[in-house]
Each structure stands twice: as structure tokens, then as C-alpha cells.
Amino acid sequence: TFSGTNLASAIVVKWRQFQACRQVPPDNPDLPPTGAACFWYLLDVQQQISSALVFGTLLMLVVYYPPHNTRNERALALFTLTLVLILCALSCVLSSGHGRSCSQSALAYAQGVGVLSATCAFTAYVPQIVDTWRVRGAGALSPLFLAIQVCGCLLVVYNQVIVNKDPPPVWLATTVSGLMQLAVLLLILSFRFGGSARPRMDSATMRITSTPLLSDIAADAARVRVPPAQEDGLPVQADAVVGAVPLGVPVRGQ
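Mapped onto the working numbering, the consecutive letters of the sequence shown carry residue numbers 135 to 388.
Take these hints with a grain of salt, some might be off.
[Said to hold, decoys possible] With beta-carbon atoms standing in for the labels, derived distance ranges: (1) Arg268 x Gln153: 45 to 51 Å; (2) Leu210 x Leu320: 27 to 33 Å; (3) Thr204 x Ser239: 38 to 44 Å; (4) Lys299 x Ile263: 28 to 34 Å; (5) Pro200 x Leu278: 24 to 30 Å; (6) Ala281 x Ser184: 32 to 38 Å; (7) Ile263 x Val188: 19 to 25 Å; (8) Leu224 x Val196: 25 to 31 Å; (9) Gly286 x Ser237: 31 to 37 Å; (10) Arg205 x Gly246: 30 to 36 Å.
Because the hints were derived from the structure by calculation, they are not lab data.
From the three backbone atoms N, C-alpha and C, an ideal C-beta is built for every residue, glycine too.
Full structure from sequences and hints, please.
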């Protein structure tokens, strides 16, 4: 939702640039008719489009495979993707209506969607901060990946605020996302170099501790059937749970 709503807000604010790049004079040597000179002016929008496509694909993959392939989670994913498409379509309609790309209604809509996008970005990274604090380490997160993400967000914000001088609806969500990821990265580095880090868990362990459904699956997978046997003349317990009753322990009183 964060990437999609951020794109919907940028469509309204950047609409005049879209029109300017489309109406390039063919005899202008500085601005070729292919619009290649507009590449750098719309670089942030291209990044937002790519981000929306990548995160949308990841969302579909998450609900396609277990344990999140439940009916409710698939319905939530479908609702999210539909909402993003509606918001982007509404941005195009408001921006292209009779040339009033900067009307008060369009700007108010862009501001509202921008605040929604920033709220989604904040909400999305709160669980990661909580899990990082709880496990006292990176878990399945990669500090290098977070460092790259933070640098990328800061560069995009610099391009939007300093170079393009875009209004807050464009760069607000990206700024919030970058700051939240920076908070996660600083927590990881403080635990790692501060001496309070716990042993690093692999991705499977992190998923089990973070997802209640996976802990139930792990408990069911841990149940094994042990064929009845005799040890010292006493029957061995037939059903044992790994981690609860040691295998091969004689059961008294039988």
C-alpha cells in the first residue's frame, strides 16, 4: 500500500511534467522528441513505479504460498491491490480533467494520499523495529540490504526536495520509510557492536518466532510416532513429542 499510494500522489504532482515531456518540439536539439531528456526529471516517479511493481509481486507471492495462503489473507491482498489501482486511476482522472492538473481538489487529493502513504510506511516498519528489539539482533534481516535501502531513500528524497523542489506529498512517504529503515539499521548495529546481541537466528527460526501459525506447524511436524519396543522389560511410550518427552524413556506403571 505504501508504494502504491506514494505513486498515486506523485502522479498528481508530476502530471504537468508528464505533459511537458509528451509535448516536446521535434526541432528542439536539447529535448528530442523521444523524451529522453525527461528521464532525469522523472527518475523518482520511475523508482516509485518499479517499487510498486516489485512489492505488488511480492505480495502476490506471499499469499500464494503457505502459511499465508489463507482465504482471509488472499482477500486482504486483493483488496490492497484493487485499492492501489483505484487510487492511481483516480489520480489520472483528476489530473487530466480539462487541464486542471493543479486544481485545489487535485492537490487536496494528493496531500491526503501522501499522508496515507506515510502512515502505511510507518505502520509497515513498526513490527520490524519491535522484532529487532525483542530478539536483540538482525534475525533474518540483512544490515547491508537495509543500508542500501536507507541510502537509496535519502538520495531519492534529496532529488525530490533539493533538485526538483517537489511539494511534501511527493517526498513525505519516502522520508518516513527511510527514517524507519534507518531506525531498524541503528538498532541492529547497536546490538551487534554494543555487546548485547543474541546469537543470530536463521530465517526459518525468525519466521517461527514471528508467525503464530508457523509455530503450530512446527509443533505438529515435531510429533513423531515411535514403534512400540521393549527396554528392560518395560513398554516404551508409543507417541512422543520431541522436546517434551525424551524418546525411548520407559513409561512406568504400564
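Against the structure, the hints:
With their beta carbons about 49 Å apart, Arg268 and Gln153 fall inside the hinted range of 45 to 51 Å. A C-beta distance of roughly 31 Å is found between Leu210 and Leu320, which places it inside the suggested range of 27 to 33 Å. Distance hint check: the CB atoms of Thr204 and Ser239 are about 39 Å apart, consistent with the given range 38 to 44 Å. The hint said 28 to 34 Å for the Cβ distance between Lys299 and Ile263, and at roughly 32 Å that hint holds.
About 29 Å separates the C-beta atoms of Pro200 and Leu278, a value consistent with the hinted range of 24 to 30 Å. For the pair Ala281 and Ser184, the beta carbons lie near 20 Å from each other, so the given range of 32 to 38 Å is not met. Our hint of 19 to 25 Å for Ile263 and Val188 holds, since their Cβ atoms are close to 22 Å apart. Checked against the hint of 25 to 31 Å, the pair Leu224 and Val196 passes, with Cβ atoms roughly 26 Å apart.
Hint check: Gly286 to Ser237, Cβ distance near 33 Å, so the stated range 31 to 37 Å holds. Between Arg205 and Gly246 the beta carbon distance is about 31 Å. The supplied range of 30 to 36 Å therefore holds.
The structure shown violates just one earlier hint, number 6.
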